[in-house]
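Since chain H is already given, all that's left is putting chains G, X and B on it; use the hints.
Chains H, G, X and B, in that order, are what the protein sequence lines are.
Once you know that position 143 of the first sequence is 159 in this note's numbering, the rest is easy, because the numbers rise by one and skip nothing.
Once you know that position 29 of the second sequence is 45 in this note's numbering, the rest is easy, because the numbers rise by one and skip nothing.
Once you know that position 33 of the third sequence is 49 in this note's numbering, the rest is easy, because the numbers rise by one and skip nothing.
Once you know that position 5 of the fourth sequence is 21 in this note's numbering, the rest is easy, because the numbers rise by one and skip nothing.
Everything labelled a hint here was simulated from the structure, so no lab data went into it.
Mixed in with the good hints there might be a few duds.
To be verified - Derived BS3-like pairs: lysine-lysine, alpha-carbon spacing no greater than 27 Å straight-line:
(1) Lys19/G - Lys156/H
(2) Lys107/H - Lys128/B
(3) Lys128/H - Lys28/H
(4) Lys128/H - Lys107/B
(5) Lys146/G - Lys107/H
(6) Lys19/G - Lys19/H
(7) Lys128/H - Lys70/B
(8) Lys146/H - Lys146/X
(9) Lys19/G - Lys167/H
(10) Lys127/X - Lys70/G
(11) Lys28/X - Lys167/X
(12) Lys70/B - Lys127/H
(13) Lys107/B - Lys107/H
(14) Lys146/B - Lys128/X
(15) Lys19/H - Lys156/G
(16) Lys70/H - Lys128/B
(17) Lys156/X - Lys19/B
(18) Lys19/X - Lys19/B
(19) Lys156/H - Lys70/H
(20) Lys107/B - Lys146/X
(21) Lys70/B - Lys107/H
(22) Lys127/X - Lys146/B
(23) Lys107/G - Lys146/H
Unchecked claim - Residues from chain H shown here face chain G by an in silico Cβ test under 7 Å; the list is partial:
(24) Phe49
(25) Ile59
(26) Ile86
(27) Asp95
The model shown is predicted, which means the values in this text are computed figures rather than measured ones.
Heads up, the beta-carbon is just placed ideally off N, CA and C, and yes, glycines get one too.
4 protein chains.
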Amino acid sequence: MGKANYIDDFHKWEKEFEFFLPVRVRFSETDMFGHLNNTVPFIYFEEARIEYFKSIGFMQEWLLPESETIPVVADLQCDFLQQIYFDEQLKLYVKAESVGNSSVDIHYMAKKEDGSSGFVGRGTMVQISKRTGRGVPWAKEMRNLLVSNEKIEF
Amino acid sequence: MGKANYIDDFHKWEKEFEFFLPVRVRFSETDMFGHLNNTVPFIYFEEARIEYFKSIGFMQEWLLPESETIPVVADLQCDFLQQIYFDEQLKLYVKAESVGNSSVDIHYMAKKEDGSSGFVGRGTMVQISKRTGRGVPWAKEMRNLLVSNEKIEF
Amino acid sequence: MGKANYIDDFHKWEKEFEFFLPVRVRFSETDMFGHLNNTVPFIYFEEARIEYFKSIGFMQEWLLPESETIPVVADLQCDFLQQIYFDEQLKLYVKAESVGNSSVDIHYMAKKEDGSSGFVGRGTMVQISKRTGRGVPWAKEMRNLLVSNEKIEF
Amino acid sequence: MGKANYIDDFHKWEKEFEFFLPVRVRFSETDMFGHLNNTVPFIYFEEARIEYFKSIGFMQEWLLPESETIPVVADLQCDFLQQIYFDEQLKLYVKAESVGNSSVDIHYMAKKEDGSSGFVGRGTMVQISKRTGRGVPWAKEMRNLLVSNEKIEF
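Pulled out of the complex, with its shape left as it was, chain H reads as follows:
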């Protein structure tokens, strides 16, 4: 299992991020080993991903009670590159790496104040039907929004 096997060329990959959310490490997010607990980056991923979706015009419909679809996480991974500590100010970068029929592969990178990467990750989101639990293809306008933001060219 190679580390961060979703990154071919780190330099190129890193440059494709534009959107980020600032996040400060909370005291309650540390653990008795004195650093950020390993379960917390996934909380940051979710918060940053939603802010990213909002920034490209998503989320609004998904949050309506009458919406027939919701986005769910199909998988998640995180590679921890450095220990992170209480009160660090991170930049949580997010990008849509590639867009499928009813899914999108989202990549993440957390930059520390010195510009180094604290952790990186990825995960696939799928739009599913609330009723059936099955994948629902992106509406054309949603797909266009995602594709115009995606980073892999075909």
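Relative to chain H, chains G, X and B alone:
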């Protein structure tokens, strides 16, 4: 990015688990979409991994203030196979898949009450020096404990 | 602000508890000061309260999508009597202290393995209408269940 | 148990706050009832309290490994005045209400965007010795910092 690329033969993989921790889904672990929030399986992974380590005689030393090493998570991944709901009683299975010089690859599987898998995952733990942050090779007796429990034969 | 001003006679108060939920302190629930983070007892309160409600035959209806009411927390308080550490096995005691028209005052006590109290607390739950957000009086049979379990006699 | 019995005159009390921390409600902080889970305000209290302490020049010493004292929470309470929802932007106000020998009583108020209060609370912090667990009186300069910020005049 194929789903759960760390599993070759699901049937064989699934049968290699022996240790499990029972976990009941807390109300505070659900989110407004009505299911288990995607960040919570990593909390279960940590709890189940530590119970597993305790069961083979680890953890005790790592928790001593005078211990020179701590275990840290190098990477984590989770594949969400089904939605999980409030109050479900899960079995969190853990196994040491393979043992490195100062690391161990841990695999996870959450079984629902009907016997189906709710989510699966894996992640590498590394024993590091508190002082330098660098990997510290397993002591012989620790390595023996891990290897006698590991599932991949060489 | 006297400590735990909801307890007149600790000895008497403590003896009125019968129901408890066993809870083990998770690693992710500690913080960098090496003990249980102060925000976690409220997670235990919620889990123990729900198990208590289930034990007297509540919760089932509140969880139905078609239910017109939900229980909400009106207030919560916790007094921290001792530091709690990773891996401690606690008994989370719960009792219905007194029953109002649409509310119930719940008391909590966490016992450590040596029998001493780690923290105590209380909080009022109110049954509200999902639609209006206003309090909804207990149905007669629900009130009877609560009253037969309450600890203060009038 | 009167609601928010630590507030005599809400109007006067509310006006004494100056410091606040902006907090946005995370998706993972909601629960299946569709609102902010009741355990989360205490996470906000801790974050806002620490930012407040930092703003008056505290925290720095407490975080040093060689510090002989740490601040611990003696008690906490929260009164939930309204339901709070995903993505709300809150202002978490904090003030030092009164200063004891080794303790300080901290009050909290969360304002919603429309200026109404979502929840209020309070709690006593005590400075204790890491070694003995007993209260340690404030150093003169720390006490002066707290007292110059406290809101109750004697």
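Structure-based check of all given hints:
1. Lys19/G - Lys156/H: 26 Å, holds
2. Lys107/H - Lys128/B: At roughly 26 Å apart (the allowed maximum being 27 Å), lysine 128/B and lysine 107/H satisfy the hint.
3. Lys128/H - Lys28/H: 19 Å, holds
4. Lys128/H - Lys107/B: Roughly 26 Å between the alpha carbons, so the hint for lysine 128/H and lysine 107/B holds.
5. Lys146/G - Lys107/H: 26 Å, holds
6. Lys19/G - Lys19/H: At roughly 16 Å apart (the allowed maximum being 27 Å), lysine 19/H and lysine 19/G satisfy the hint.
7. Lys128/H - Lys70/B: 20 Å, holds
8. Lys146/H - Lys146/X: Holds, because 20 Å separates the two Cα atoms, which is no more than 27 Å.
9. Lys19/G - Lys167/H: At roughly 21 Å apart (the allowed maximum being 27 Å), lysine 167/H and lysine 19/G satisfy the hint.
10. Lys127/X - Lys70/G: Distance of about 23 Å is within 27 Å: holds.
11. Lys28/X - Lys167/X: 11 Å, holds
12. Lys70/B - Lys127/H: Distance ~23 Å between lysine 70/B and lysine 127/H Cα, so the pair holds.
13. Lys107/B - Lys107/H: 22 Å, holds
14. Lys146/B - Lys128/X: Judged against 27 Å, a Cα distance of about 20 Å means the pair holds.
15. Lys19/H - Lys156/G: With Cα atoms ~26 Å apart, lysine 19/H and lysine 156/G stay inside 27 Å; holds.
16. Lys70/H - Lys128/B: Holds, at about 20 Å.
17. Lys156/X - Lys19/B: Given pair lysine 156/X, lysine 19/B holds - Cα atoms ~26 Å apart, limit 27 Å.
18. Lys19/X - Lys19/B: 16 Å, holds
19. Lys156/H - Lys70/H: Between lysine 156/H and lysine 70/H the Cα gap is close to 18 Å, so the pair holds against 27 Å.
20. Lys107/B - Lys146/X: 26 Å, holds
21. Lys70/B - Lys107/H: 21 Å, holds
22. Lys127/X - Lys146/B: 23 Å, holds
23. Lys107/G - Lys146/H: Roughly 26 Å between the alpha carbons, so the hint for lysine 107/G and lysine 146/H holds.
24. Phe49: Given a least distance of 5 Å, the restraint on phenylalanine 49/H holds.
25. Ile59: Isoleucine 59/H check passes; min Cβ-Cβ to chain G is 5 Å, inside 7 Å.
26. Ile86: 5 Å, holds
27. Asp95: Holds, about 4 Å.
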